[in-house]
Structure formats: structure tokens, C-alpha cells
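With chain L fixed as given, assemble chain D onto it according to the hints.
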Amino acid sequence: MKLSKKDLLGIRDLTVDEINLILETAESFIEVSTRDIKKVPTLRGKTVINLFLEASTRTRTSFEIAGKRLSADTINISSTTSSIVKGETLIDTAKNLEAMNPDAIVIRHSAAGAPQILARIMKQPIINAGDGAHEHPTQALLDMMTIKAKKGKISGLKIAIVGDIAHSRVARSNIYGLTRMGAHVTVAGPATMMPRYIDRMGVRVCCRLEEAIRDADIIMMLRIQTERQQENLFPSLREYANYFCLNGENIKLAKDDVLVMHPGPINRGVEIAPEIADGPYSVILDQVTNGVAVRMALLYLLTGGK
Amino acid sequence: MEQKRIVMDAAGIDRSLTRIAHEILEKNKGTEELTLVGIRTGGVFLAERLRKKIAKIEGVEIPLGILDITMYRDDLLSTNRKPKIGKTDIPFSLDNRKVILVDDVLFTGRTIRAAMDALIDFGRPKLIQLAVLIDRGHRELPIRADFVGKDLPSSLWEAVSVNLTEKSGRDEVVIE
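Just so you know, the protein sequences line up as chains L and D, in that order.
Each residue of the first sequence is one higher than the one before, starting from 1 at the first, in the numbering used here.
Each residue of the second sequence is one higher than the one before, starting from 1 at the first, in the numbering used here.
One or more of the hints may lead you astray.
The list that follows gives simulated cross-link-like pairs (lysine-lysine, DSSO-like), each with its CA atoms no further than 27 Å apart [stated by the list, open to error]:
1) L:Lys153 to D:Lys84
2) L:Lys38 to L:Lys86
3) D:Lys82 to L:Lys153
4) L:Lys6 to D:Lys87
5) L:Lys148 to D:Lys167
6) L:Lys148 to D:Lys87
7) D:Lys84 to L:Lys151
8) L:Lys5 to L:Lys123
9) D:Lys84 to L:Lys39
10) D:Lys84 to L:Lys150
11) D:Lys52 to L:Lys38
12) L:Lys46 to L:Lys5
13) D:Lys84 to L:Lys68
14) D:Lys167 to L:Lys39
15) L:Lys123 to D:Lys84
16) L:Lys148 to D:Lys126
17) L:Lys39 to D:Lys52
18) D:Lys52 to L:Lys46
19) D:Lys98 to L:Lys38
20) D:Lys82 to D:Lys52
21) D:Lys87 to L:Lys46
22) L:Lys5 to D:Lys84
23) D:Lys82 to L:Lys5
24) L:Lys6 to D:Lys84
25) L:Lys5 to L:Lys148
26) D:Lys82 to L:Lys2
27) D:Lys84 to L:Lys2
28) D:Lys87 to L:Lys68
29) D:Lys167 to L:Lys153
30) L:Lys151 to D:Lys87
31) D:Lys126 to D:Lys84
32) L:Lys39 to D:Lys98
33) L:Lys39 to D:Lys126
34) L:Lys46 to D:Lys84
35) L:Lys68 to D:Lys82
36) L:Lys5 to D:Lys87
37) D:Lys82 to L:Lys123
Between beta-carbon pairs, the in silico distance windows are [claimed, not checked]:
38) L:Arg12 to D:Arg144: 29 to 37 Å
39) D:Arg139 to L:Lys86: 56 to 64 Å
40) L:Ser155 to D:Asp75: 30 to 38 Å
Quick caveat, the hints were computed from the structure, so don't treat them as lab data.
Just so you know, even glycine gets a beta-carbon here, dropped at the ideal spot from N, CA and C.
Just chain D, same shape as in the assembly:
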């Protein structure tokens, strides 16, 4: 039996992002040295929204980078699939920056492991914090998010998708 359930609507996503923006500013005491890096593709849209919210709150536009983690995946050699490699665009040094890594769903943690390896190749950040819209559990690595929109306990065989206006035409989080 197929079931599709909306667990977060547009207003819910927006409220979560507003809260996360405030939490980021609170925890880092402002915008100094703050940098957002969104993980392709969902994380990029969320990072852009966080950037706008932070600009609205503090009046400061903080730098935003785009990271594609495919080159750092740990399963490239174990499958015959060739995942498409997207463009990474981090046109500034991450040396001594406070990097907020942004992704849509935190699941096994393997994407975040790859992302952290990639970030270190762009310099030596002062710190890396992780912001995700959904934490669905089932970690396979010792990784935890600093900012979470919603904890969503899920079974392994369920699919959690974050649909965003920029890509799917509307904002919603769906579990099926």
C-alpha cells in the first residue's frame, strides 16, 4: 500500500528556516567570518534562503558557496553507476571562516562526511557547523547536526523528500 504524507508545508518550512537563521546568529554571535555552503542541490536553495533571512535580520550579506560532493563519495568504486558530477563554486578561501554547511535531509551521514572532506580541501575553516531541514535518523557515521528544522523518525524503507519551489514548484516535505 502506497501512502504519501505531507509532514511539513510551506509555512512550516519557512518558520523552521527563520528559527535556524536566528539560531545560527545566536550561536556564532553575529555574522563575523560566517559563510554558508549549500550541498547540491537541495542544500543550495536552503542556503540561499538562510542567507536572505540572515541579511534581513542583521543587514549583512554573508558569502555563499555551492558544493557538489560527488567526487568525494565513498561508493564510487563499489557500483557501476557513474553519478553525474555537478559544479562546485566556492570562489573564496575558507581559511579561518565559520562554515555553516547546509543540506536538506540528514540520513546516513555519508554525504556530510564527503562534504567535510571537500571543505577541508578549500582551506582550514575555523569551524564547521551543520544545518539541515530534516533529520530522519539512521546514522551510519558519528555525525550530528547543529541546527535542525524537524526531527522526523522514519523507517529505512520510507523515502523522505524535500520539495522546494526553486526546483519542484512548491515547498513541502513528503514521506512515502
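Next comes chain L alone, as it looks inside the complex:
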């Protein structure tokens, strides 16, 4: 079986079967990262360009490690060191990269839709590593992989996503993916950070953290995306933390075996208390480990062949 599309632009485009295929392939790749020799020859001779035009530690490192563990050659481009500072447009950059015959392009961009533009003009597979407030499909896939590994299933679970829903591409991709896989998703956040008509995505909407996390199997906390906020949406970080910080007290409302997730980077004491981030419910670092395997799976499934 293979994916039906050339690119991975968003979770919205994926069927349940395709999500399961990616997750199962990723589960098989987990083992490679536990070996002494962390490399398999699967993508020998392939070139993967990581075009990261927005800040990133986790995702860029994760994609680079994923490529290298599959024996692909990986090249990283960041905005500050590229010709974009000289005024080159994204399309011209893409055409020049294409002329060097890479086998896959991973792109992160602050503009929603940038990966779609590349996918249209380039023959190579494009993997969206986060575009504006639109989608971050590999994050949602690694989240689903983590949930499946810990809970054995996704279907039927009660999942709360809390924070800056409006500006979060992680929330959007996860809502598409988790609802498609049969989970019951609740979103919560300040009214100023809650997109209009979000309920049409098939989620329950709450205004209060406590209401959203009651009896939850999974709590996903989100960072406030100040870089994407155009105006002041909340009075102060302290007030935000007062209402929307997951801490040792309010977490008791959730199920006893609740899992706490966060896509990172975390702001300790703002959306998540340190004792929760480092505590027994937290699977934040499992998410990072699984991220490498998910990206290996996608590079394998999307590159190569005739």
C-alpha cells in the first residue's frame, strides 16, 4: 500500500487508512533509533532539503535526524542564511532548488498555504512542517502515534486541547486527525483565541480549562502563539496563567491515567506548571521520540520509486 498523494500538505487530506499506514510504518521505524548503529540504507542516494523559513528546533532536528537515519542526504536551509534576505521570492527559491534534483522538500513557512504553492510548481514530494496557523501534519501524526502507543487506541478517547486554538496549526491538524480517528475532542481557551465556527470541525467548545479537562483521557496544552497574534488578545501572562495553566490541582479533574501532551516549546508557568511538564502524566518527551519515527515513515512513503 502507498499514500495516494505526492505530498503531505495537511491531515485534512488523509483518509483513516492512510493515517493508519503512516502510524504503523512509524511504529516499525521506532526500533532503528534504539540501536547502537542508528542507520538503515533505505533512502541511500536520496536528497532531502529542509527549507525552514520560520524558527524551529524540534521539527527541523527531527526531520534531519529522520533523513540521516534512513541514509538520505539532508540539507538545511534557514531564512536568515538564505537568499531570501536578498529579496528572492519563495517560488524562485523553489525553482532553483528543484534544478538541483532533490528527492523531497520539507518546508516550514509563516504563511499558510506556502507548501501548497510548492506542491503545485514542483515535481518533488512536499512535506508540510508547519505553515502559519494552518496545519502541522507531522505533529498531529506523532501525537496520534503517542496516544496509540500509550492507550492502545484513539477511537472513543476524550481529548481536550487547551490554549490559543485560533493561532495553533497543531490544534487544527490534531482536530482533523483525532476526530477522523473517532476521538471526542473538546477545545478550550480564552474567547479571543477561539476561532469562530470552530464547532463545525466536530469539536465541543468550552470557555474554561476545568470544564474541558474533566474526565479527559488526554490533555494537550498549547503555547500562546504571540508571533501570530496581531493585537492584544489577553491582559497579561499572569492572568492567562491564572485561568489556563494546567497545574497539580486542576489536573485532578481529569481521569487518573490521563496523559499530558504539549507540542513544544513549552512556556513553564504560563500554560503548563513545571510539576506537570516534568510529572508522571507527561508524555512530552515521548512525543519528541516518536516524531523522528513518524518523519522517517513519511520520508519512506513519499520518496523514491519511479
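Coordinates of chain D only, in the frame set by chain L:
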């Protein structure tokens, strides 16, 4: 015209495995440092059976690993197919172990080439030996089995399948 012929039945498979278990022990002078690694999926069931037989003969449970060779295939880049990648589970070092690689059918030898490359990534075995239930010929690489259940000369266009109870509900080797 389609013809389906059973070339080995359950009793035949069991006798072959009993003999191979004895041969492995004879050639390696016991179970010391001995490790079985089955190639997914047929080889895994056969390796499990060999392990039981060896335990019965010598009273020792030897380690068993599971190997999926898909990541090491040499045809990944030449086709548009994406073979499904199965789980590899070798939770021990192969350094200085005598590894018995187990597969159901030996054909072109390309699977075994991939398997040996994979094994070397798990350490430096003292030696690798190959045990197969069926050797059907048509090698494309200089590879030969140390332990063979049955030599089965076949034409290239025939299909040889090893059906095992664990997967197919019954034990038989079929040529069609």
C-alpha cells in the same frame, strides 16, 4: 493449466525441522552462544519451532530475534511500490554470537543478502549460518544454506509457498 501440488505435508515439515535442529546442534557443538533470528514472517514461525525443538533436545532456551528486511531491500528505489515495513525485534547484542538465520524459502538469495546486512548492524556475530525449509534454486547471488529441509528444483514461473499453522491454519509446502 493450473496445477497445485503438495510437496511436503505436516509430518514432513516436522521431521525436517527435527533433523535441522539436530544438525544445528551437531555443527555448533551444543547451544553455547547460539542465537536464532527468523526472517519475517515465515522464518519467524520456523525459528520458534526450531527453538522449541532445541529446548527439548538440550534443555536450553536459546535467544530468538525477529528480523524484517524491508529497510534493506535492494529494489526499493526501482519500483513505485512501498512494501510494508514490519517490526524488527532483536533485543540483544549479536556480538560474538553464533547466529542461525532462518527463512522459509531460499530463492534468489537477495533476501538473505539484505538480512546479513541488517544483522551486521546489530553487532559483529561470530558467525552466521542459514537454515531454510525449502531451497528452490535460481540463485542470483553467491549464497548457500547450511541447513536445508528439502531441495525443491522448480521453474522460475512456479510459485512455492510454505503454509504454516500459525498463519494459514495448516502445515504444507505447495508448488503451483
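We went through each hint and held it up to the structure:
Between the alpha carbons of lysine 153 of chain L and lysine 84 of chain D the distance comes to roughly 21 Å, so the proposed pair stays at or under 27 Å and holds. With a CA separation close to 38 Å, the supplied pair lysine 38 of chain L and lysine 86 of chain L exceeds the 27 Å bound. Taking the CA atoms of lysine 82 of chain D and lysine 153 of chain L, the gap is near 25 Å; set against the 27 Å cutoff, the hint holds. Between lysine 6 of chain L and lysine 87 of chain D the CA atoms are separated by roughly 25 Å; this keeps the pair inside 27 Å, and the hint holds.
The suggested pairing of lysine 148 of chain L with lysine 167 of chain D holds, with an alpha-carbon distance near 25 Å, which does not exceed 27 Å. Restraint check for lysine 148 of chain L and lysine 87 of chain D: satisfied, since their Cα atoms lie roughly 16 Å apart, inside the 27 Å limit. As the CA atoms of lysine 84 of chain D and lysine 151 of chain L are separated by approximately 24 Å, the hinted pair is consistent with the 27 Å bound. For the hint linking lysine 5 of chain L to lysine 123 of chain L, the alpha-carbon distance of about 12 Å falls within 27 Å, and the restraint holds.
Restraint check for lysine 84 of chain D and lysine 39 of chain L: the C-alpha separation of about 18 Å stays at or below 27 Å, so the hint holds. With a C-alpha separation of about 23 Å, the suggested pair lysine 84 of chain D and lysine 150 of chain L falls inside the 27 Å cut-off, and the hint holds. Taking the CA atoms of lysine 52 of chain D and lysine 38 of chain L, the gap is near 32 Å; set against the 27 Å cutoff, the hint is violated. Distance check on the hinted pair: lysine 46 of chain L and lysine 5 of chain L sit about 19 Å apart at the alpha-carbon level, within 27 Å; holds.
For the hint linking lysine 84 of chain D to lysine 68 of chain L, the alpha-carbon distance of about 20 Å falls within 27 Å, and the restraint holds. Proposed proximity of lysine 167 of chain D and lysine 39 of chain L is contradicted: the alpha carbons are some 31 Å apart, above 27 Å. Between lysine 123 of chain L and lysine 84 of chain D the alpha-carbon distance is near 24 Å, which keeps this suggested pair within the 27 Å criterion. Our distance criterion of 27 Å between C-alpha atoms is broken by lysine 148 of chain L and lysine 126 of chain D, whose separation comes to about 39 Å.
Between lysine 39 of chain L and lysine 52 of chain D the alpha-carbon distance is near 33 Å, which puts this suggested pair outside the 27 Å criterion. Under the criterion of a C-alpha separation no larger than 27 Å, the hint pairing lysine 52 of chain D with lysine 46 of chain L is inconsistent with the structure, at around 43 Å. Under the criterion of a C-alpha separation no larger than 27 Å, the hint pairing lysine 98 of chain D with lysine 38 of chain L is consistent with the structure, at around 23 Å. Distance check on the hinted pair: lysine 82 of chain D and lysine 52 of chain D sit about 35 Å apart at the alpha-carbon level, beyond 27 Å; violated.
Taking the CA atoms of lysine 87 of chain D and lysine 46 of chain L, the gap is near 23 Å; set against the 27 Å cutoff, the hint holds. Under the criterion of a C-alpha separation no larger than 27 Å, the hint pairing lysine 5 of chain L with lysine 84 of chain D is consistent with the structure, at around 17 Å. Distance check on the hinted pair: lysine 82 of chain D and lysine 5 of chain L sit about 13 Å apart at the alpha-carbon level, within 27 Å; holds. Distance hint between lysine 6 of chain L and lysine 84 of chain D is fulfilled; the C-alpha atoms sit about 18 Å from each other, no more than 27 Å.
At most 27 Å may separate the alpha-carbon atoms for a hinted pair to count; lysine 5 of chain L and lysine 148 of chain L meet this at roughly 24 Å. Proposed proximity of lysine 82 of chain D and lysine 2 of chain L is supported: the alpha carbons are some 6 Å apart, at most 27 Å. Our distance criterion of 27 Å between C-alpha atoms is met by lysine 84 of chain D and lysine 2 of chain L, whose separation comes to about 9 Å. Only pairs whose Cα atoms come within 27 Å are accepted, and lysine 87 of chain D paired with lysine 68 of chain L is accepted, the gap being roughly 20 Å.
Taking the CA atoms of lysine 167 of chain D and lysine 153 of chain L, the gap is near 25 Å; set against the 27 Å cutoff, the hint holds. Straight-line distance between C-alpha atoms of lysine 151 of chain L and lysine 87 of chain D comes to about 19 Å, which keeps the hinted pair within the 27 Å bound. With a C-alpha separation of about 31 Å, the suggested pair lysine 126 of chain D and lysine 84 of chain D falls outside the 27 Å cut-off, and the hint is violated. Restraint check for lysine 39 of chain L and lysine 98 of chain D: satisfied, since their Cα atoms lie roughly 23 Å apart, inside the 27 Å limit.
For the hint linking lysine 39 of chain L to lysine 126 of chain D, the alpha-carbon distance of about 22 Å falls within 27 Å, and the restraint holds. A C-alpha spacing of about 19 Å is found between lysine 46 of chain L and lysine 84 of chain D, which places the hinted pair at or below 27 Å, so the restraint holds. Of the pairs offered as hints, the one joining lysine 68 of chain L and lysine 82 of chain D holds, with about 19 Å between alpha carbons and a cut-off of 27 Å not exceeded. With a CA separation close to 25 Å, the supplied pair lysine 5 of chain L and lysine 87 of chain D stays within the 27 Å bound.
For the given pair, lysine 82 of chain D sits about 19 Å from lysine 123 of chain L by alpha-carbon distance, which is consistent with the 27 Å threshold. In this structure the supplied range 29 to 37 Å is violated for arginine 12 of chain L paired with arginine 144 of chain D, their Cβ-Cβ distance being about 53 Å. Roughly 58 Å separates the CB atoms of arginine 139 of chain D and lysine 86 of chain L, a value that falls within the hinted 56 to 64 Å. Checked against the given bound of 30 to 38 Å, the beta carbons of serine 155 of chain L and aspartate 75 of chain D, roughly 36 Å apart, stay inside it.
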